[in-house]
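Chain residues, written in single-letter form:
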Amino acid sequence: MNTLRLYRKSMAMLIRSHMQYPASFLMQTLAQLVMEGGEMLAVILLVDRFDHLNQWTPGNLYFFFGLMSVSFYITECFGRGITGTFPSMVRSGQLDTVMLRPRGILTQVLCADADPRRIACIAVGTVSLVIGSRMSGIVWTVPKALMLLESICCAFWLILGLFMIEAILCVYSVKSVELANALTYGGRSACQYPVDTYPRPLRVLFTVVAPFALVMHVPASHILGKPLFGWPGWTGFVTPLAGLALFGVMYTLFRMAMRHYRSTGS
Amino acid sequence: MSYISVQGLCKHFDVRQKREKGSLLRKKERVQALQDVSFDVEQGELVGYIGPNGAGKSTTVKILSGIMVPDSGVVSVGGLTPWENRKEHVRRIGVVFGQRMQLWWDVPIADSYDLLKDIYRIPDSEYRQRLDELTEALDLGGIIRTPLRQLSLGQRMRAELCGSLLHRPELLFLDEPTIGLDAVSKLALRDFLKWENREHGTTIMLTTHDMEDIAALCSRVMVLGHGRKLYDGDLSELLGRFDRLRTLSATYDRAPEVPELPGAERVDLEGETLKITYSTDKMEIGTLLPLLQKAGGIREMTVQPQNIDHLIAAMYQEMGL
Numbered sequence: 001m002n003t004l005r006l007y008r009k010s011m012a013m014l015i016r017s018h019m020q021y022p023a024s025f026l027m028q029t030l031a032q033l034v035m036e037g038g039e040m041l042a043v044i045l046l047v048d049r050f051d052h053l054n055q056w057t058p059g060n061l062y063f064f065f066g067l068m069s070v071s072f073y074i075t076e077c078f079g080r081g082i083t084g085t086f087p088s089m090v091r092s093g094q095l096d097t098v099m100l101r102p103r104g105i106l107t108q109v110l111c112a113d114a115d116p117r118r119i120a121c122i123a124v125g126t127v128s129l130v131i132g133s134r135m136s137g138i139v140w141t142v143p144k145a146l147m148l149l150e151s152i153c154c155a156f157w158l159i160l161g162l163f164m165i166e167a168i169l170c171v172y173s174v175k176s177v178e179l180a181n182a183l184t185y186g187g188r189s190a191c192q193y194p195v196d197t198y199p200r201p202l203r204v205l206f207t208v209v210a211p212f213a214l215v216m217h218v219p220a221s222h223i224l225g226k227p228l229f230g231w232p233g234w235t236g237f238v239t240p241l242a243g244l245a246l247f248g249v250m251y252t253l254f255r256m257a258m259r260h261y262r263s264t265g266s
Numbered sequence: 001m002s003y004i005s006v007q008g009l010c011k012h013f014d015v016r017q018k019r020e021k022g023s024l025l026r027k028k029e030r031v032q033a034l035q036d037v038s039f040d041v042e043q044g045e046l047v048g049y050i051g052p053n054g055a056g057k058s059t060t061v062k063i064l065s066g067i068m069v070p071d072s073g074v075v076s077v078g079g080l081t082p083w084e085n086r087k088e089h090v091r092r093i094g095v096v097f098g099q100r101m102q103l104w105w106d107v108p109i110a111d112s113y114d115l116l117k118d119i120y121r122i123p124d125s126e127y128r129q130r131l132d133e134l135t136e137a138l139d140l141g142g143i144i145r146t147p148l149r150q151l152s153l154g155q156r157m158r159a160e161l162c163g164s165l166l167h168r169p170e171l172l173f174l175d176e177p178t179i180g181l182d183a184v185s186k187l188a189l190r191d192f193l194k195w196e197n198r199e200h201g202t203t204i205m206l207t208t209h210d211m212e213d214i215a216a217l218c219s220r221v222m223v224l225g226h227g228r229k230l231y232d233g234d235l236s237e238l239l240g241r242f243d244r245l246r247t248l249s250a251t252y253d254r255a256p257e258v259p260e261l262p263g264a265e266r267v268d269l270e271g272e273t274l275k276i277t278y279s280t281d282k283m284e285i286g287t288l289l290p291l292l293q294k295a296g297g298i299r300e301m302t303v304q305p306q307n308i309d310h311l312i313a314a315m316y317q318e319m320g321l
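Protein sequences, first through last, are from chains A and B. Heads up, the first sequence is in our numbering, so the first residue is 1 and it goes up one at a time. Heads up, the second sequence is in our numbering, so the first residue is 1 and it goes up one at a time.
Hints may contain errors.
[Unchecked claim] Some chain B residues near chain A, calculated using beta-carbon distances under 10 Å:
{"hint": "1", "residue": "F13"}
{"hint": "2", "residue": "D14"}
{"hint": "3", "residue": "G66"}
{"hint": "4", "residue": "I67"}
{"hint": "5", "residue": "R86"}
{"hint": "6", "residue": "R91"}
{"hint": "7", "residue": "V95"}
{"hint": "8", "residue": "F97"}
{"hint": "9", "residue": "Q102"}
{"hint": "10", "residue": "D111"}
{"hint": "11", "residue": "L115"}
{"hint": "12", "residue": "E199"}
{"hint": "13", "residue": "R241"}
[As the list claims (entries may be wrong)] Facing chain B, according to a computed beta carbon distance under 7 Å, are these residues of chain A, among others:
{"hint": "14", "residue": "K9"}
{"hint": "15", "residue": "R16"}
{"hint": "16", "residue": "Q20"}
{"hint": "17", "residue": "K144"}
{"hint": "18", "residue": "R262"}
Source of the hints: derived by calculation from the structure; they are not laboratory data. Remember, it's a predicted structure, so these values are computed and weren't measured experimentally. We treat Cβ as the ideally placed atom computed from N, Cα and C, and that holds for glycine.
Isolated chain A, as found in the complex (with noise of 0.2 Å):
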């Protein structure tokens, strides 16, 4: 609960310290509103000129856009001690100071920072989901609910677990920006469209290394009611937890490189 509280102070200061900038606050979010709904408007147009793609029409397309969207800028904006601050942190030897501290240093770290900025996108992300959801005339039942809910939390959890390959390999000294945004970024601009689009390997790609198939498009297919690969409706709860393994492995290799850290104290 102390965990808990502290998390919410953290986040309560943070806001604070960015409100000291106000006008520079405002711009900076309207910025990401820009970007993110351009972003947007990308996919209508590209959506526009076919009447569907595969089985999806232009209503499903909205709505994975939208998943993804939500989810991927959730992830940064809660996240951002590790998908921002933490190689920099390394660096300047802050990580120190953060060590000195009687909490988990994963803790410590998320606590660290946040970007409220992303409201921006998530706001853009929550319009598409719903505009998908009318254009694809979803029925909302309680189960469903759930399973879009169950969607996004474990897509949190996926998406910081990607982004914590370029926190492990930091310490190792390893620049490696590049491999760990394939992963991340390219995720997330390939798995805004369902991943049966795409060509076998791409499909194992982003099903078996960073399941975001699993964890977005299964679910999303059964609540549009066309589920992927024909899977029966209990998987759509089921293979979100796929993303929760996939976090579990990265804190796994996380303590290994804290462990690194401690013995090179580089």
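On the provided structure of chain A, position chain B as indicated by the hints.
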């Protein structure tokens, strides 16, 4: 057993060098940061830890504070091995880096303290009492609502000290705490450290390059060089060994003829002033004075010992650092 007990501490680093042309692998160079260092510190001691840059001071502090694991050696701080019980251990220590801030940059320092209260799980009543006490002792009353970034360096240092003492650590590490501070701030800081040590029996380990800090605060000093402990004991005794050079300046009525002074290290004539540097074990002032008086009428004369930085430099040189 002593409060801090360090036995045979060793630590090396592999420093990567630039890749040579034509070779794929980068060569690694092995640097021995600590070599068989042992010492004991009792509770309530105020110990100075000195040595030139790269001597291994920070490495020792990192190991003792639990954020670095040594190659070998046995360390116990208050009965715990720092790196094996990190969370439990760091709850009982405070660390202040002179060049690195732990408080949050853009918010009032009171907010930072409030967050530290949650990080260390300090009970409300205890926190209030301790904060009031430290606010008064460190004279923070006027700045507690000011964001860190708007404070001067001296104010920041005081704010940092308060932050690292809120959880009442038994042991405080200070890494160059007076770096860049003005004279008034330095004196205030030293007074505060003495007060904290006396009032709460806090054990303090201080690394610094400012010898005045050591002279003002620590009765015991450890000298480290090339990863080995070279001296451990009284500061005055250490200085006594190297404190031999004196500089005598004599100002005459008119420019004197430079007398023959066998045994002087250096003789300079600047206008009407004669400056003589001599070593007390080769020359005595009693034999020097008559020689000087022969050269003319002396109007003014001073004898100065070497300043403490020169002493330390001489000591490092003698120890081969």
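Taking the hints in turn, this is what the structure says about them:
1. F13: holds, 7 Å
2. D14: Check passed: Cβ of D14(B) comes within 8 Å of chain A, closer than 10 Å.
3. G66: holds, 7 Å
4. I67: Holds, because the Cβ-Cβ distance from I67(B) to chain A comes to roughly 4 Å (cut-off 10 Å).
5. R86: holds, 7 Å
6. R91: holds, 4 Å
7. V95: Since chain A brings a Cβ to about 5 Å from V95(B), closer than 10 Å, the hint holds.
8. F97: This hint holds: F97(B) lies near chain A, its Cβ roughly 8 Å from the closest one there, short of 10 Å.
9. Q102: holds, 5 Å
10. D111: holds, 6 Å
11. L115: Because about 6 Å separates L115(B) from the closest Cβ in chain A, which is inside the 10 Å limit, the hint holds.
12. E199: violated, 23 Å
13. R241: Since chain A brings no Cβ nearer than about 34 Å to R241(B), farther than 10 Å, the hint is violated.
14. K9: holds, 6 Å
15. R16: Nearest chain B Cβ about 6 Å off; hint holds.
16. Q20: holds, 5 Å
17. K144: It is violated, given that the least Cβ distance between K144(A) and chain B is near 39 Å, above 7 Å.
18. R262: holds, 5 Å
Checked against the numbered hints listed earlier, the structure breaks hints 12, 13, 17; every other hint is satisfied.
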